[in-house]
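Colleague: Residues per chain, in single letters:
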Amino acid sequence: MAILEVSGVNKSFGGLKALTDVNLSIEQSSVHAIIGPNGAGKSTLLNCLIGKLEPDSGVVNFDGTSLLGGITPYNINQLGVCRVFQTPEVFGDMTLLENVMIPSFAKRDGNFRFNGWGAVAKRGEVNDEALAMLEEVGLVEQRNVITNALSRGDKRRLELAMCLIQHPKLLLLDEPTAGMSRADTNNTIELLKKIGERGITKIIIEHDMHVVFSLADRISVLAQGTVIVEGEPESIKGDPRVIEAYLGGELG
Amino acid sequence: MSLFDDNVSRRGILKTGLVGAAVATAPFHFVRGAGAADYLNMPKGKSVIFGFNVPQTGAYADEGADELRAYKLAVQHINGEGDGGMLNTFTSKALKGNGVNGKKVEFVTGDTQTKSDAARASAKRMIEKDGAIMITGGSSSGVAIAVQGLCQEAGVIFMAGLTHSNDTTGKDKKANGFRHFFNTEMSGAALAPVLEKAFGTDRTAYHLTADYTWGWSQEGSIKKYTEKLGWNTASAVRTPLGAGDFSQYITPVLNSGADVLVLNHYGKDMVNSLTQAVQFGLRDKQVNGKDFAIVVPLYSRLMAQGAGKNVQGIFGSTNWHWSLQDEGSKAFVKSFGQAYGFPPSQAAHTCYVQAILYADACQRAGSFAPCDVGKALEGFKFDGMGNGATEYRAADHQCFKDVLVVKGKENPTTKFDVLEVVEVTPRAQVEYPPELLGGQLGSCNNGA
Amino acid sequence: MSQNLGKIRSPLDMEPLAIEVHDVESASRSRSARNDLILICVFSAVVLASPWLLAPFGAAYPDLLQRFCIFGIFAIGFNIMFGLTGYLSFGHAAFLGIGSYAAVWSFKLLTMNVIPAVMFGVLCAGLFSALIGYVCLRRAGIYFSILTLAFAQMSYNLAYSVLTPITNGETGLQLTLNDSRVLDAASGIDPTSSLPVTNLFGMKMSGYPGFYLCAIVLIISFYISIRIFRSPFGMMLRGIKTNQNRMSYTGINTRPYLLAAFVVSGMYAGLAGSLMAVTDPLAGAERMQWTASGEVVLMTILGGAGTLLGPVLGAGVIKYFENIFSSFNAQTLHSAFSFLPDGLAEFMVTITHPFVGEGWHLTLGVLFMLIVIFLPGGLMEGAQRIGNMFSGSGGKSEAESPAEQTKPAE
Amino acid sequence: MDAILLQILNGLDKGAAYALIALGLTLIFGTLGVVNFAHGALFMLGAFCAVTVGKLVNYQVVTLDPTRTTPWGTPVEIRTPIVQEWFGDFGAFMVEYSVPLSILFAIPIMLLIGVIMERGLIQFFYKRPHADQILVTFGLAIVIQEIIKAQFGANPIPQAAPDLVAGSADIGVLLGFDPGTVVYPYWRIIYLLFSALLIGCVFAFLQFTTYGMVVRAGMADRETVGLLGINIQQRFTVVFGLAAVVAGLAGVMYTPILPPDYHMGMDFLVLSFVVVVVGGMGSLPGAVAAGLLLGVLQSFASMNEVKNILPGIDQIIIYLVAVVILLVRPRGLMGRKGVMES
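Which chain is which? The protein sequence lines are A, B, C and D, in order.
Sequential numbering of the first sequence, starting at 0, is according to numbering that gives the first Met the number 0.
Sequential numbering of the second sequence, starting at 0, is according to numbering that gives the first Met the number 0.
Sequential numbering of the third sequence, starting at 0, is according to numbering that gives the first Met the number 0.
Sequential numbering of the fourth sequence, starting at 0, is according to numbering that gives the first Met the number 0.
One or more of the hints may lead you astray.
Unchecked claim - Per label pair, the in silico range of CB-to-CB distance:
#	chain 1	residue 1	chain 2	residue 2	range
1	D	Y58	B	P432	52 to 58 Å
2	A	T19	D	A216	30 to 36 Å
3	D	L173	A	S56	55 to 61 Å
4	B	K95	C	L108	30 to 36 Å
5	D	Y58	B	R392	34 to 40 Å
6	C	V365	D	A216	33 to 39 Å
7	D	Y210	A	G7	46 to 52 Å
8	C	M347	D	P329	24 to 30 Å
9	B	P432	C	A185	35 to 41 Å
10	B	D37	C	D341	39 to 45 Å
11	D	Y96	C	P164	48 to 54 Å
12	A	F212	D	R127	45 to 51 Å
To be verified - The list that follows gives simulated cross-link-like pairs (lysine to aspartate or glutamate, EDC-like), each with its CA atoms no further than 16 Å apart:
#	chain 1	residue 1	chain 2	residue 2
13	A	K16	A	E53
14	B	K196	B	E226
15	B	K284	D	D177
16	B	K170	C	D178
17	B	K414	D	E76
18	C	K240	A	E53
19	B	K380	B	E419
20	A	K168	A	E4
21	B	K308	D	D162
22	A	K121	C	D35
23	B	K308	D	E95
24	B	K102	B	E80
25	C	K240	A	E26
26	A	K168	A	E26
27	B	K308	B	E419
28	A	K51	A	D92
29	A	K168	A	D62
30	A	K236	A	D207
31	B	K223	B	E430
32	B	K284	D	D169
33	B	K170	B	E419
34	B	K414	B	E430
Simulated from the structure, these hints should not be mistaken for laboratory data.
Given the structure is predicted, the values throughout are model-derived calculations rather than measurements.
Virtual Cβ for every residue (Gly too), placed ideally from N, Cα, C.
Just chain A, with the same shape it has in the complex (with noise of 0.2 Å):
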């Protein structure tokens, strides 16, 4: 069963055509990786998934709900979608703690709740699994510091929990690895596989072969801006077309 369905979706900026009719179909608890040289449309593509932007035309259903028509961000998370993004998009000025606590209060608590008399120190349950989580991506130690102290690759890392932390149904993850030494890579691979043992669906773009080839079950190639190729890792792998896209445009 598809859990997301992207058909006919186009977006353009100004005269510029970002996304010519994209079509996706992903399925519940795969992993399906998107990748294309630079500038192909991968990023805006995501966009469209999150409500960042609103495509001209097209549709796009999660779960058989619309992600279309002016539905916020915020209710598309409440969906159980998760993005990490390409540059971190973390709380930098708070603690490690604080950033993972604050999904976990968002997933609890829905989009709103006025709840500025009972301490967060109250709230044990949230700070155990904040913990929990940490602890999962290897940051539990650093709980306490202010997270603009990280590095890019753990900053990712404390994002990719703050998504978990949520349970969601459906997780993107914009470059994961991006800027990341290859043991750090390869132990975020180790976490995604883990990861998808538990269910969660994941769109994954990335650059980095390595990682595509060792969790992807299928693969979509956008270049300029429309999908040119969907199938197996197996079949992408030695697909012409897929070469020439990489290599008339800039090579990954």
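Starting from the structure of chain A, add chains B, C and D where the hints point.
Modeller: Leaving out everything else, chains B, C and D in the frame of chain A:
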């Protein structure tokens, strides 16, 4: 002075080990002290403290500075320093130049900022912290009314400074408040005959009015008296206080059919609106076959100086002017001029007189208790203070005296010589029944 | 808490977490709760004892002490909006003014008792801030600031002119002898021939009793602000300040949070305004002007935005300057420096004179520049730096409590 | 009709002052990323350049005449205007034309003040939060204001326009109105033309010089320009100086319209900020358009006909328009996306 002496002595007490006693009683001084003394801030030592609450910042800062100079002079004269100024010409001889009731006068100052809130705060500071027995000063009616209310509540005497609105001793009069300065009602009554003589009875007036208490008061009074003459009022437009550029209010005057522009503005607003009206050619204009005229009902020399050449030939009224030739005025101009090098403004004059009148009343009452002082001031008749025979009317605590109608001088000889006195309107002509302006005095408050 | 720690499992059903982590964590949690308790106790003690503590500084008179408290409340409230969410409102003085007007009207129409006046003031300010906040929060950044400024200036200009029947214009809304005061009249309190004074069930609320009322309200306000800072709500607000985008991608609808914070801080302003009317029953339009809003911004930043104590400290410093420095004159300076040799005293008077009395604004301006240039975190940062200096250069204490070191100064 | 024409002129006049201040504000903001609350003070300093020149050319030597005394008994002071004494007709000319001449004086002075401000203070605040910038420049504005007050007093000091243009022009006749219905002061017309010229110069500078190119590029994308290896610091200093000169000259020319006092900068600052925001932060044409628009609207709102329907509208119109524009057009009339929103 008192502020620091106070601190020094307090430190001394701390050193001598009376910490507990001093500290425990200090904050309740006013609460309990009020019960112990007959009245609030009863002077206990060899001195008595006056509170001078004048604008030191904001639009009227220069007037405030002049007021403060006058107060300092008054304090010197009361304490017997300097040449004595108007004490020599004052008809009451109660003050002997040795302070008041045997106590030397000291003073504290505060900044009203020409804001009701700030003025009340600084008055409160002087009453609560510095122990001022009386508050005086100010250069705006709004502030005067606000501080007068405070003094009534706190239980000290308020001697108003420059405040021209009818409300100060009308709608908002208070038993503890006294005003020497004249008001818009008197301005209207004094100006009307002069305007009739100069411009005739067939005129159409256009009012530009500062949008606050005093502006409305003045607009009302001038309208009342000019309409009695037979003038029409084309329009009365309210302008925001401190508008700066009045051009958008002046251009409609051009083709309104009016032939007189009445500027109910004071201070910076008056300087700006008058200057701009002249720039728009209003003074050279002919309407209905008559020369267009501008009237500024309340004049002040400081402002006339600010407007420069533009005031020439323009009529208005003023409480006092330094060129007056009576003995009192001459004595005051002399001691002020020698102390500071230039003549006093009307604001300085009224403040000086108020300080002297208060001291004199205390001396005559033999007490500083507000109710006793108030009684001594009520109905008090005096002369020799620059305005001729004057009376503090008991019914509304307003001084009644002659009013000066002045005109911007055509050929000023010095930069201070900008106004000439056209007429001294006798007191009888500007007097009105106390009920006219409404309000209730209430009963006096000793603060005990 | 600690007995169920063992049962807590990772959300991903991984191995149970090491128990020591939790012990450290809950210990630090209870420690921070204890710290808050100490903070509020010390704060209360200092506030209540300020008539004695401030006596050596010449600031121990009721009017100024009341002002410290009132502007402290105002700044605490402002800090809930600005310090936590980072939204800089330039119109908070409007709510203060509305609180004042509402309170004075309550004195005029209902009763001289302060309780209804304060409640009415807070309520009105809350309603207005909900209305204005709803509109202004549609925009962020400087656009939000300008919108709030615009609303406040409109309120001020209207209060000064056409709304005079309600506000009494430039003079300010005052009590008069003919006010109806229906509740007082009904309960048989005779209208006296002089103006009535505000009271709390018969206790006069001017002078020191008024200060103690303000002080108690300040302490309560401070306590509420601590609760808000420590609550999930406060955490969300800080999240908005740090990264509003992430908040929405995290499933948080930021606008109701912002509006709630705006209303809370507007109500604080209304509380401060109504207390101003309690201690001095006059409401002037100037307290709504943009400069008044600017003042609370300065207070908050001077003390340290986003810190608990900073705004109160900033409010105190500014009000002290305004009241004390402006009352200095050449005479007071002479006596202050009289302990110095003549020539030197003369010199000191000459160089300090431009900074006091009518020049006190100059002192204020210079002070701000120095603070902003050298202590961007405000006085609290300064205090922290001094604190660090004395406790040795980091070392042990830092290792012990990383949370305290890395969180904003509190 | 004549009334409306006059109000448009009034509005343009006022709007030109807003626009000139707003232009500098938005230039500084767009290029340097600094919110300069001291910009009103620069306008005021410009005005006081004119006051200083006026004082200098009217400088008088004071001698005492012991034979005559003033009413207060001190010897009469005899004042000799030395500039006229020394330079004769040229001296008289300088006195007469002190305001236009002040422009020559104000340009280097304002440039210097701008450069000192930027080098001495502003440059340390490029990377600081806007709140810090606002606070430090606000503090600076207070300091400048207080220094001027201490030096020149609190009262307005009138500056006369040259006698030649002191009167008013009957421009209505040119447009076919009855004589005397549309008269407008010469100086205000001059001010309007001068402002247009000054705005034109700023745009030309940005359009046709290499400095201008860098500035425009910087306003579009600050980081990229930094990468070009251009000495961006020096450019920033020049931009700041330029903005200071523009504000200063606006101040100089405004003195015959509004006698300057120490507080005039603050009065204009708030409105100019509204203008900048309504125009769109960082948009130069937006600042000019919004300035003129708000000026004209303010004039219309002051007309009796309007005030009778909506009392008090003249006091709030600018803010009301600002609110409406910001709600309808989130980034002002011509603002770019993403400026000052986070």
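Colleague: Compare the structure with each hint and give your call.
Modeller: Evaluated hints:
For the pair Y58 of chain D and P432 of chain B, the beta carbons lie near 55 Å from each other, so the given range of 52 to 58 Å is met. With their beta carbons about 32 Å apart, T19 of chain A and A216 of chain D fall inside the hinted range of 30 to 36 Å. Distance hint check for L173 of chain D and S56 of chain A: the Cβ-Cβ separation is about 57 Å, which falls inside the suggested range of 55 to 61 Å. Distance hint check: the CB atoms of K95 of chain B and L108 of chain C are about 51 Å apart, inconsistent with the given range 30 to 36 Å.
Distance hint check: the CB atoms of Y58 of chain D and R392 of chain B are about 50 Å apart, inconsistent with the given range 34 to 40 Å. In this structure, V365 of chain C and A216 of chain D meet the distance hint of 33 to 39 Å, their C-beta atoms being roughly 37 Å apart. At about 50 Å, the beta-carbon gap between Y210 of chain D and G7 of chain A stays in the expected band of 46 to 52 Å. Hint check: M347 of chain C to P329 of chain D, Cβ distance near 55 Å, so the stated range 24 to 30 Å is violated.
In this structure, P432 of chain B and A185 of chain C meet the distance hint of 35 to 41 Å, their C-beta atoms being roughly 36 Å apart. With their beta carbons about 43 Å apart, D37 of chain B and D341 of chain C fall inside the hinted range of 39 to 45 Å. One distance hint, 48 to 54 Å for the beta-carbon pair Y96 of chain D and P164 of chain C, holds here, with the actual separation near 51 Å. As the Cβ distance of F212 of chain A to R127 of chain D is approximately 47 Å, the hint placing it in 45 to 51 Å holds.
The suggested pairing of K16 of chain A with E53 of chain A holds, with an alpha-carbon distance near 14 Å, which does not exceed 16 Å. At most 16 Å may separate the alpha-carbon atoms for a hinted pair to count; K196 of chain B and E226 of chain B meet this at roughly 15 Å. Between K284 of chain B and D177 of chain D the CA atoms are separated by roughly 14 Å; this keeps the pair inside 16 Å, and the hint holds. For the given pair, K170 of chain B sits about 14 Å from D178 of chain C by alpha-carbon distance, which is consistent with the 16 Å threshold.
Proposed proximity of K414 of chain B and E76 of chain D is supported: the alpha carbons are some 12 Å apart, at most 16 Å. A C-alpha spacing of about 25 Å is found between K240 of chain C and E53 of chain A, which places the hinted pair above 16 Å, so the restraint is violated. Pair hint K380 of chain B plus E419 of chain B does not hold up; C-alpha atoms about 28 Å apart against a cutoff of 16 Å. For a cut-off of 16 Å, the pair hint linking K168 of chain A to E4 of chain A stands: about 14 Å separates their Cα positions.
Proposed proximity of K308 of chain B and D162 of chain D is supported: the alpha carbons are some 12 Å apart, at most 16 Å. For the hint linking K121 of chain A to D35 of chain C, the alpha-carbon distance of about 14 Å falls within 16 Å, and the restraint holds. Of the supplied pair hints, the one linking K308 of chain B and E95 of chain D holds, its CA atoms being roughly 14 Å apart against a limit of 16 Å. Proximity of K102 of chain B to E80 of chain B is assessed by CA-CA distance (about 14 Å); at most 16 Å being required, the pair is judged to hold.
This hinted pair does not check out: K240 of chain C and E26 of chain A have alpha carbons roughly 37 Å apart, beyond 16 Å. At most 16 Å may separate the alpha-carbon atoms for a hinted pair to count; K168 of chain A and E26 of chain A meet this at roughly 11 Å. Proposed proximity of K308 of chain B and E419 of chain B is supported: the alpha carbons are some 14 Å apart, at most 16 Å. A hinted pair counts as satisfied when its Cα atoms are at most 16 Å apart, and K51 of chain A with D92 of chain A does not qualify at roughly 23 Å.
Proposed proximity of K168 of chain A and D62 of chain A is supported: the alpha carbons are some 9 Å apart, at most 16 Å. Among the hinted pairs, K236 of chain A with D207 of chain A is consistent with the structure: their alpha-carbon atoms are about 13 Å apart, no more than 16 Å. For the suggested pair K223 of chain B and E430 of chain B, the alpha carbons sit about 15 Å apart, so the restraint of at most 16 Å is met. Distance hint between K284 of chain B and D169 of chain D is fulfilled; the C-alpha atoms sit about 12 Å from each other, no more than 16 Å.
The hinted pair formed by K170 of chain B and E419 of chain B fails the criterion: a straight-line CA distance of about 33 Å is larger than 16 Å. This hinted pair does not check out: K414 of chain B and E430 of chain B have alpha carbons roughly 34 Å apart, beyond 16 Å.
Hint violations for this structure: numbers 4, 5, 8, 18, 19, 25, 28, 33, 34, all remaining hints satisfied.
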